[in-house]
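Chemist: One letter stands for each residue in the lines below.
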Amino acid sequence: MIPSAFDYYAPKTVAEAVALLREYGEQAKVLAGGQSLLPLLKLRLASPRVVVDLGRIADLAYIRREGEEVAIGAMTRHEEVERSDVVRQYCRLLAATAATIGDVQVRNRGTIGGSLAHADPAGDFPAAVLALEGRMKVVGPDGERWIAAEDFFLDVMTTALKADEILTEVRVAVDGEGARSAYEKIRQKATGFALCGVAVRLRVDEAKVCQDVAVGVTGVGAKAYRARAVEEALRGKEVTEAAIASAAAEAVQGVEPNEDAQASAAYRAHLARVCTRRALSRALAGS
Amino acid sequence: MGERRYVGEAIPRVEDRRLVTGTSHYVDDIRLPGMLHVVLVRSPYGHAEIKRIETAKAETMPGVVAVLTGEALRGRIGSIPCASEMEGLKVPEHPVLAIGRVRYVGEPVVAVVAEDRYKAQDAADQVEVEYEPLDVVVDVERALEPGAPVIHEGMDNNVAFVLRFEGGEALKAAFEQADAVIEQRLINQRLHPVAMEPRGVLAEYWPGEDRLTVWSSTQIPHLLRTQLAAILGMAEHRVRVIAPEVGGGFGSKLNVYGEEALVAHLARELRKPVKWVETRRENMMSTIHGRGQINDVRVAVARDGRVLGLDVRILSDLGAYHQLLTPGIPPLTGLMLSGPYKIPAIGYEIVGVFTNAMSTDAYRGAGRPEATYLLERVMDLIARELKMDPVEVRMRNFPRPEEFPYETATGLVYDSGNYQAALQKALEVVGYEQLRREQAERRQRGELMGIGISSYVEICALGPSAALPAGGWESATVRVEPTGKVTVLTGASPHGQGQETSFAQLVADELGVALEDVYVVHGDTAVVPYGIGTFGSRATAVGGTAVYEAVQMVKEKVRSFAAHLLGVDWEDVEEGVGEYRSRREPERVVSFREVAQAAYLAKSLPPGVTPGLEATYFFEPSNFTFPFGTHVVVVEIDRETGEVKLKRYVAVDDCGRVINPLLVEGQIHGGIVQALGQALMEEVVYDEWGQLLSGDLSSYAVPRAADVPWMETVRTETPTTVNPMGIKGVGEAGTIGATPAIVNAVIDALSPLGVRHVDMPLTPEKIWRLLQGEAGSGG
Amino acid sequence: MKIAGKHAVAAERQEVWQLLVDPEVLRRCTPGVEELREVGDGEYDVVMQLGVGAVRGRYEGRIKVKPEEPGTTMRLDVEGRGSQGIVRGKGVLRLEGENEGTEIAYEGEVQLGGPIASVGQRMLQSTARMLAGQFFTALAAEAAARQRARVTGQPLRPPKHGILRNFIRFLWSLLKRWFGR
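Protein chains in written order, with the working numbering: chain G, 39 to 325; chain F, 244 to 1022; chain S, 31 to 211.
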């Protein structure tokens, strides 16, 4: 519970922050809401030489509609995502997901950018952002670039962010006509992290034929992933409970489910199927 | 007694304001000028030889004052004590810092003292310890096998003790006459107590006065003082122990730890205040664990459900060393094996086994939850075997109310009880008949609903001194100050239970003063007369009785002064609230305050009466008390995920007379929540390499508010005859009663699948596997 | 925690074996190795920077490589200690295949000890798989470099194995495995 010494920087702009990262590279860690980094520091599991706190950068916490997208600043707290009218109106899945994260204290501190950039294999937001086919705005020394959610998460706590880049914004498409969604989660009892979490976005026509579907799964593998096989099984088909059940059976296709003291690989795989089915059913039942 | 204005009322705790506003003082909140900090280097191995310790680098780090090893301490301070006595008990040397060998992950090896905690930790990271790993044994049964690694040199095996209570011919006969014999292995897993405040110690030594002051987060300041004086080789009256605000203990601070001795020693040697505060990870590794028993049960039953005999083998996982009461806990299980039932013949054997793990010791309930769990599982197994209702089996075996005092086959005398009434009440409140009908319907639909019952009796108000290692009495001083304010000193050192409120209620009523005029002081050995402490649900029943007796003595003297001031005879004084009147001339009145002042000014003393208004009483109880009750739980199981949902929770508890029902309810609530943790979530996990996999709160799940059901609490009130107020005690009841109720409910829900028993914790995955038709003890 | 996996290396079995017993190759391919010193037959003292994401630590320890059946089966034993705790791994590598391609099947057990044991175990399996992936990807690159040197007659230029570079290679190999029909 006693961190090693580090130099603390609180830049006022993203450019200053990037300059610091450029200078210190792998020796620096970015601090957002601190819900993962601070415990790691206290346990000395992370001992960076430099901590770059994004908390003083004025324009990183916002939620606004930008054309056909909702743009959320990286420093936006989970609680703000959960309660935002813009989110609730245009991309409800994010609000539903935010509401399940940790507890009130965690949601008041933790940020969406921190959650995505930390890429905890059991984090909640990665599943939702994958299901919403979101994209990340990343700023580095050479300016900004956009990374699609699916290209962002590489492996356990490993993203496509370079050591001198900062995630500044995430964007997701505005819910279209008839968009339905749900986030279904089984909590790891001790932490509230997802033992399994499945985010679903679904659009069906009047005949209940699936026009569009995306499924993001977290907590199961080394990273959050798109359950493509589930999507394939539904796309263009009539979405019935039977169709959902058979599609959900594909939830861990091509993934090696994780095993640890909290759950075996077999149980995780099972939960992924159950949560996928429940999320799809709930999405279908909603409107 | 004066008019009752407070006793029996649900008065919010006077402690709460300072606690919820964060203005209270725990050990870590106390800072002394020039204070140094200790960080301990602990063993990362479960069992290893220490080949070499290199401290040179750490010693030269900035701000480092001292680096100490076990070798450096050898001969300078004593070992960590074990107070339990037993014939043939093996008590291995338990040094404050390991010497030569480490025997569990987290065992302290090197102490680093520096100007602040950061510098101390930085230096600790630079201490190099070379280990030669040895074979590890964490499983009790494997530890008993021939050829298992022997944890203590000089011992032939890992057996610390074997304690037998022979059932004799009676037990043999019971099994011969039995219509059915049921056998079952029942496991009480190891648990982390997880007090909200970890341990902490601060010590300061004044060489001129030869005076050592130790602040420690402890449940037993006086016993700690005696033990520390012995370990440090100091005269006891030179040592002062203060337990400031203590953030929970649950038995884990009913102990004497190496860190307490180490910090005190360092303060004395370095002549500076020294502090150590435990991290949560250290708390999980090296604060005592609870439970850790394997019970092999054989029970002889008659066709009508009566238990004829009980034969139990208890394997107790002691851990690597004895802490203060380690070997004393499993015998409590043996003692309580009759539970709330008339069992004519009981025999048991307890084998205490050393393993490469942290010591087990008292954890809320301490031995009694194990006995209750065992019996309540057995009652349900009997019901299943004989196709009887679990209620019926219990009713058949309870002693009748007129049979009290009831003597058990294990030699205890139960003071008072009406077990039928508590069970009946619980069934009424929960609507048992209706629930069973609902269950039958839902089973038809394939739903998994279960109803679990647990009737318990616990042994409380520990206890007669003859039965305890270091005295079972308690002390109290009641002092009326010259201004009429009242100070109560209690030797029971409460740490969250609320006796600052309940003792004030008691005294305020007795003396006819306002609640806020009574101040309860505890936890400072320089202020409070010698006492025993708070544990074993004893603080109110024993400590409260001492207060009651002391206040009676004060009242006598108050009356003498009142009579003297009124100029009337002793018998002619009429007590009012805060005032005394002449019976003959009611207009003649003296106030309580005037009496107090007169007692100290002492201008005119009643004949034969000394000045001052203070009394001290040491109360020795003649027996334990035996609170009891029945808990009923309704659960639903998610067939797909194996998750257990608690739908109803009804607790009927009888703890005798009650001073403050709010405090009683709080104790019941907290106890049930901890029991729920054991039943469904918690388990200390060491891997076969001796590594602690449940070593932090991200891997060890304790219940949170969202996991807790609505609890319907009801009381019956059967006073004890053991103390004048009829109080039995309640601190552990919830933990003892609730665990088997929850487990029984889950197993009842699973019984249509042929499930007969499942070991705790009943995690969703474990249940899911049973639902998949895997393993479990079916049939 | 048990781990197991298979990796394909486009080289003859004997050549892959030679790479596995070459300390230089081990030094270059083992993720995070800062120093590797041979201290005995098949025993190496090693200093490694191990970790994933923000969790990083320096470990000193020993790697033991014991050929059980030269050319086919090898036992590996790794133990490293740092201030975060102990990392321990034991396993068997089996080489299969003829001519062009060799498949390396590994199975073993990884354990964490000391302070990191409980908090780290949730990430252990994924991390071990990732590190194993990096190792075998690097090994495949070594084999490819040798082949290139043979074909072109140019002197051998050992490949560089940045963590990210390896990672991309590893992903690529996975993709090929999954979709490479």
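Worth double-checking, as some hints may not be accurate.
One-sided and incomplete, this derived list gives chain G residues near chain F with beta-carbon spacing under 7 Å [what the hints assert, rightly or not]:
hint	residue
1	ILE40
2	ARG87
3	GLN127
4	GLY214
In the DSSO-like style, the derived pairs of lysine-lysine whose C-alpha atoms are separated by at most 27 Å in a straight line are [said to hold, decoys possible]:
hint	chain 1	residue 1	chain 2	residue 2
5	F	LYS300	F	LYS515
6	F	LYS1009	S	LYS32
7	F	LYS890	F	LYS800
8	F	LYS415	F	LYS728
9	F	LYS728	F	LYS888
10	F	LYS585	F	LYS668
11	S	LYS32	S	LYS96
12	S	LYS32	G	LYS200
13	F	LYS294	S	LYS120
14	F	LYS294	S	LYS94
15	F	LYS294	F	LYS630
16	G	LYS80	G	LYS275
17	S	LYS120	S	LYS36
18	S	LYS32	S	LYS94
19	F	LYS300	G	LYS80
Everything labelled a hint here was simulated from the structure, so no lab data went into it.
For glycine and all other residues, C-beta sits at the position ideal for the given N, C-alpha and C.
Chemist: Now look at each hint and say whether the structure bears it out.
Modeler: Against the structure, the hints come out as follows:
1. ILE40: holds, 4 Å
2. ARG87: Cβ of ARG87 (chain G) sits 14 Å from chain F, so the hint is violated.
3. GLN127: violated, 28 Å
4. GLY214: violated, 31 Å
5. F:LYS300 - F:LYS515: Holds. LYS300 (chain F) to LYS515 (chain F) sits at ~23 Å (cutoff 27 Å).
6. F:LYS1009 - S:LYS32: Holds, at roughly 20 Å.
7. F:LYS890 - F:LYS800: Violated - the C-alpha atoms of LYS800 (chain F) and LYS890 (chain F) are around 55 Å apart, more than 27 Å.
8. F:LYS415 - F:LYS728: Violated, at roughly 63 Å.
9. F:LYS728 - F:LYS888: violated, 51 Å
10. F:LYS585 - F:LYS668: Between LYS585 (chain F) and LYS668 (chain F) the Cα gap is close to 21 Å, so the pair holds against 27 Å.
11. S:LYS32 - S:LYS96: holds, 20 Å
12. S:LYS32 - G:LYS200: violated, 31 Å
13. F:LYS294 - S:LYS120: holds, 24 Å
14. F:LYS294 - S:LYS94: holds, 21 Å
15. F:LYS294 - F:LYS630: violated, 62 Å
16. G:LYS80 - G:LYS275: violated, 51 Å
17. S:LYS120 - S:LYS36: holds, 16 Å
18. S:LYS32 - S:LYS94: holds, 19 Å
19. F:LYS300 - G:LYS80: holds, 23 Å
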